[in-house]
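Trainee: Given next are the chains, with one letter for each unit.
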Amino acid sequence: MSVQALDSALLEERPKKRRRVRVRFVVASVIVAAYVLVAIFGPMFTHFNSNQTNILDRLLPPGGHGLVPGSHLLGTDQLGRDMLGELIQGARISLVIGVATIALSLVLGTVIGLVAGYLGSWVDGVLMRLADVQLAFPSIILAIFIAAALGSSVLNVVIALSLASWVIFARISRAEALSTRNRAYVEASRLLGAGKVRIMRKTILPIALRPLIIYATVQFGFVIVSEAALSFLGVGVPASDASWGTTIANGESYLGSAWWISTLPGIALAVLVVCMSIIGDDLNERLS
Amino acid sequence: MTNYILRRLAFSIFVIFAAVTVIFIVIRAVPGNPAEVLLGADATQAQITALTARLGLNQPEIVQYGKFLWGVVQLNFGNSSQFATPALPLAMSRVGASAALAGVSMVGVVVVAFTVGPLLARIPGRRADRAATSTLMFIQALPPFWVGLLLLLVFVDHLNALPPGGQSGASSFILPAIALGFPFACVLARLVRSGLIEVMDSAYIQTARAKGMSEWWVFRKHSIRNMLIPVLTVGGVQLGLLFAGAAVIETVFNWPGIGSLLINAINFRDYTVVESCVFIFACAFVALNFIVDVLYAYIDPRVRVSGR
Chain W
650 MSVQALDSAL
660 LEERPKKRRR
670 VRVRFVVASV
680 IVAAYVLVAI
690 FGPMFTHFNS
700 NQTNILDRLL
710 PPGGHGLVPG
720 SHLLGTDQLG
730 RDMLGELIQG
740 ARISLVIGVA
750 TIALSLVLGT
760 VIGLVAGYLG
770 SWVDGVLMRL
780 ADVQLAFPSI
790 ILAIFIAAAL
800 GSSVLNVVIA
810 LSLASWVIFA
820 RISRAEALST
830 RNRAYVEASR
840 LLGAGKVRIM
850 RKTILPIALR
860 PLIIYATVQF
870 GFVIVSEAAL
880 SFLGVGVPAS
890 DASWGTTIAN
900 GESYLGSAWW
910 ISTLPGIALA
920 VLVVCMSIIG
930 DDLNERLS
Chain U
81 MTNYILRRLA
91 FSIFVIFAAV
101 TVIFIVIRAV
111 PGNPAEVLLG
121 ADATQAQITA
131 LTARLGLNQP
141 EIVQYGKFLW
151 GVVQLNFGNS
161 SQFATPALPL
171 AMSRVGASAA
181 LAGVSMVGVV
191 VVAFTVGPLL
201 ARIPGRRADR
211 AATSTLMFIQ
221 ALPPFWVGLL
231 LLLVFVDHLN
241 ALPPGGQSGA
251 SSFILPAIAL
261 GFPFACVLAR
271 LVRSGLIEVM
281 DSAYIQTARA
291 KGMSEWWVFR
301 KHSIRNMLIP
311 VLTVGGVQLG
321 LLFAGAAVIE
331 TVFNWPGIGS
341 LLINAINFRD
351 YTVVESCVFI
361 FACAFVALNF
371 IVDVLYAYID
381 PRVRVSGR
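Heads up: the protein sequence lines correspond to chains W and U, in order.
Start counting at 1 in the first sequence, then tack on 649, and there's your number in this note's numbering.
Start counting at 1 in the second sequence, then tack on 80, and there's your number in this note's numbering.
These are calculated hints, taken from the structure and not from any lab test.
Treat each hint with caution, since some may be false.
As the list claims (entries may be wrong) - Derived coverage of chain W by chain U (criterion: at least 3 residues anywhere in the stretch with Cβ under 8 Å from a Cβ of chain U; other residues may be distant):
{"hint": "1", "segment": "790 to 800"}
{"hint": "2", "segment": "877 to 886"}
{"hint": "3", "segment": "908 to 922"}
Note that beta-carbon positions come from the ideal geometry of N, C-alpha and C, so glycine has one too.
Here chain W stands alone, though its shape is the one from the complex (with noise of 0.2 Å):
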């Protein structure tokens, strides 16, 4: 909820400089890719699974060699479970949980902002105070408190985050509707007798595009960490399926003997969201 505010809040400070910032978009833009390539065909490519324990190979540093032939590149974990394989399924559930959460939350806050924005009067005041609410609330703990009640699954999470981040998009979409709803073209198709729905879909949706796939990515380096603080918490994804915060935990009680457990997967988290917040930074400057 925060960081698009923000974003909005800043986006007049950056020194402006074109080239600097192209190379600044392709390289996030690269690594970006990079995960999603490895997140797909990554679990092709190593033959440790992530659910599979060694108790003899536990605790490896990365590059160790263990009594299992073939070498644990990023060391294992306490349980002897391949780090690298581990990162690998992170990757997967962080993007699925991220996409599938960002998709959730931009049709449910698009639809209702869209609502909000075209038909006005009472509908709109309902709408918006039921977004204030939710802005008044910190969705740190409104997602805490949902994915514990609902319990640990992928889905679960999805809900909890999806709720606490809905408003962002229903403020862009209601925000564009108001400034279109009277232009000339939208009165135009609707006096060739176009139906609300398709005022909103065909006239008013594509102009908010924009700005809503704009904190689309802004928002999706925030939901990805507020997933693995969940997991870290024990409320998010299930121990079983590895997810980055999980392995974070995992690694608490071992941070003075073996680093790797919990720093590595917080690197993979902080280079993604880093690189998140740089292509929704440089598509706010270059879009709007």
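Using the hints, position chain U against chain W.
Mentor: Using the frame of chain W, we list chain U on its own:
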């Protein structure tokens, strides 16, 4: 002004009411009978029926909701199943530690932001400014709970310089306060920087300078106040998040605050304590928002009339 304050107050109360309703609905959405959950796996059917009746779970939802609301008004959430004491006072007893941590963190954040921000605002667009702004953005994106663990790894496991966790004297505040506040410090520093750059360019600052006002007076009388508007808007939201983020950071540092109590209560399925903690978080968040709204209206008179 009074009118404005009253309107915001009414909204705040409405939000707390809504939050309580959400708590009620979510707790009822828990799979299975709460009575079974409370009694544990080896309860007999008779015990479950008895507790169901005692908790009023066999009554219609609307009656349960009414009773729940009445309980909240009396600040009574029932007993903690884990400690067998009233849940809300138990949760309240942990607020102090959280508030102390958030307060220390907040002071650090303000000091850092109002040092770094103005420094960068003096050299806008220079290489150092660009590098620093990018760095701030980078740091801001790091997951706080992970940074907390890294701080523990470096300063406790390797350097052995600071206490490992828990609340024990002033030095125990350092690491959790950093882990809690660093994203906020980055955001605020960037806001102060951009706010100052924008304000310093404006015509009334030129006028003030042309009048022969000293730089310090221009800063005090004209720039600060105008710069504070965006800083406060975003700052208010962030302050609430700082408090909410405590749930995660307190777990990392084993801090005896309300956040770690909430996580503990969730793990032990102690729902009355969970409800109490979420209620307190909601109230604190709403109270902070209210204070920020009022401050906002104080600094920017336009807010008072436009309303929201």
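Trainee: Each hint needs a verdict: does it hold in this structure or not?
Mentor: Against the structure, the hints:
no., hint, verdict
1, 790 to 800, "holds (count 9)"
2, 877 to 886, "holds (count 6)"
3, 908 to 922, "holds (count 7)"
Going down the numbered hints, you'll see the structure goes against none, and every one checks out.
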